[in-house]
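Engineer: One letter stands for each residue in the lines below.
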Amino acid sequence: MDVYLPIAELSLNVFLLLGLGGVAGVLAGMFGVGGGFLLTPLLIFVGVPPAVAVASQANQVIATSVTGLLNHWQRGNVDVRMGLVLLAGGLVGSTAGVQLFAVLKRFGQIDFVINIGYVLLLTSIGSMMVVESWRAWRRRRANVPARRKLHQHFLVHRLPLKVRFYKSKLYISALLPAGMGFAIGVLSAILGIGGGFVLVPAMIYLLGMPTVVVVGTSLFQILFVAINVTFLQAAQNQTVDIVLALVLILGGAIGAPIGSRVAANLPGFQLRGLLALLILAMALELMFELVAPPTAIHTLGDMVRMP
Amino acid sequence: MRAICDHPARRPACLALLIALLMTLAAPALAQPLLVDLSRPRVSITSAFRGADVLVFGAIDGPGDVVITVSGASTRQTVLRKERVFGLWVNAGRQAFDDVPAYYAIAATRPLEEILPPGGVPGTPVTLEERLESVRAVDAQRRRPLDLTDFRQGLVAAKRREGLFPDTVNTITLVGSRLFRVELRFPSRLPVGDYEVRAYVFRDGQAVAAVSRPLVVSKAGFSARVSEAAHEAAPVYGATAIALALAIGWLAGVAARRL
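Chains A and L, in that order, are what the protein sequence lines are. Going by my numbering, the first residue of the first sequence is number 1, and it counts up by one from there. Going by my numbering, the first residue of the second sequence is number 1, and it counts up by one from there.
These are calculated hints, taken from the structure and not from any lab test. These numbers were taken from a predicted model, which means no experiment stands behind them. Some hints here could point you the wrong way.
Derived, one-sided and incomplete: chain A residues facing chain L with beta-carbon distance under 7 Å [unchecked claim]: (1) Y4; (2) I7; (3) L10; (4) A63; (5) L290.
Simulated coverage check for chain L against chain A, where a stretch passes if three residues somewhere in it have a Cβ under 8 Å from a Cβ of chain A [claimed, not checked]: (6) 41-49; (7) 72-83; (8) 154-164; (9) 172-181; (10) 236-247.
Derived coverage of chain A by chain L (criterion: at least 3 residues anywhere in the stretch with Cβ under 8 Å from a Cβ of chain L; other residues may be distant) [to be verified]: (11) 54-62; (12) 66-77; (13) 109-118; (14) 175-184; (15) 221-235; (16) 293-303.
Cβ atoms here follow ideal geometry from the backbone N, Cα and C, with glycine treated the same way.
Sequences and hints are given; from them, build the entire structure.
Structural biologist: So, in structure tokens, the structure goes:
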């Protein structure tokens, strides 16, 4: 059964799209990440124009992050003040990112930027996570109690504009989280990711936030950034495919509970190791596409009707 | 008649009727040398669109071969070329061309080389090569001729790959050397726009008659409304997309906790 995507302007199999959304949902349920890093490249691979894939993906991220946020909100695991600071940076970053996206698209380089952006991002985050979960596994085998966190306070403490974040038990400059929010905002506009898998480690290792509030707070920022990106992409570039997004969201709603059930039966370091391997595999695949000689040198770019 | 013929179940009966009707018309010499019509004037891209078949049928007066060309709207098409930069394949080259048909397909009663004289008929572009002779590179003076040829070949190859320049010539069936029909298959990734279906009669390497019929390819129903909203009421469309995602996400969260 095929469904015609009115903005992407092609027909795709409904079950393929539901499956893709479902995989993203399983990831969201298992790891608390949106799965955008997996979905966007896969959508482009099946023929969805990159601009439409990225923008519709942002629309899908809204649904997965609101589901997760509700959960964490009820347990009181959201540092709203930190979330707002992250968000302030995120809104500026994503607005800038949407403009940058339009410029890159005009120069025909958007595919390349998306591709190389994913390779760099996934490789660095993936390797960091592999190292981290390997250490955790070794610690568990040696039965050594976890070492104290090694994060350094120098930079965060020297910057001006210090704010007290009660829930996170931190007294740090607001500039660092705002800057982080900005960077994630740009990434989410250009790469169509929520940014959870970048934001969560950054909040733990760079800001030193307690792990309990990290996921809820990152979802808070991701939700509002995704709303901003969806709105801007729809209003400026007209690239949000509502049919595509809805099918992905439905798939995700089915996949998420499955994911959380799987996650409940796996220890944390194994879960993180698994996610890391998945991220690295995706990075390798995208790297291969950049290095291997392409099957077709020429591709079609923009088509404009002549008067 | 068109509406009835669009119905696949009734198509054979309807065709027989049409042919019988045309037969009676064609029995005395035709007033016009060439009559052509389409089973439908419009290809509607709906939510379930997977490509479409359009029947082109008609009658000719006297012997000859029929050739039909289907041409999509004239467009400015950009071609991207991957080049190796620091070991990575990047879309480093780009070239725009004017007057590229969005789609181009041909049907004929016999192989084209048996119908057309070598080099074609001047003023009557039939083959893809002839149709593309009017295609002009934008800012051509900025490139070497060899480079332009490369982009031009790349354009044709890329269009072929997307199924927009099908390289097989459809066979037109002639009935009693007077009536002809051919079913044209359009791919699912069909650009919208005003198409032109042109029929020619060739006799001894000369075009003796030509008739043109418009064919509109447009989004219809739900997909037309979605696409219209996305372009004409973009902020409202964006807000709707956001509201829907919020609502489904929230519902999914509530449902998951109940289970």
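Engineer: Each of the hints needs a verdict: does it hold here or not?
Structural biologist: Here is how each hint holds up against the structure:
1. Y4: Holds. Min distance 4 Å.
2. I7: Cβ of A:I7 sits 6 Å from chain L, so the hint holds.
3. L10: holds (5 Å)
4. A63: Because about 3 Å separates A:A63 from the closest Cβ in chain L, which is inside the 7 Å limit, the hint holds.
5. L290: Since chain L brings a Cβ to about 5 Å from A:L290, closer than 7 Å, the hint holds.
6. 41-49: holds (count 5)
7. 72-83: This one holds; 10 residues, not fewer than the three required, reach chain A with a Cβ under 8 Å.
8. 154-164: holds (count 7)
9. 172-181: violated (count 0)
10. 236-247: holds (count 9)
11. 54-62: holds (count 3)
12. 66-77: Since three or more residues must qualify, the claim that chain L covers the stretch 66-77 of chain A holds, with 5 doing so at under 8 Å.
13. 109-118: holds (count 4)
14. 175-184: violated (count 0)
15. 221-235: Satisfied; 7 residues make the cut.
16. 293-303: Coverage by chain L holds for the stretch 293-303 of chain A (10 residues, Cβ < 8 Å).
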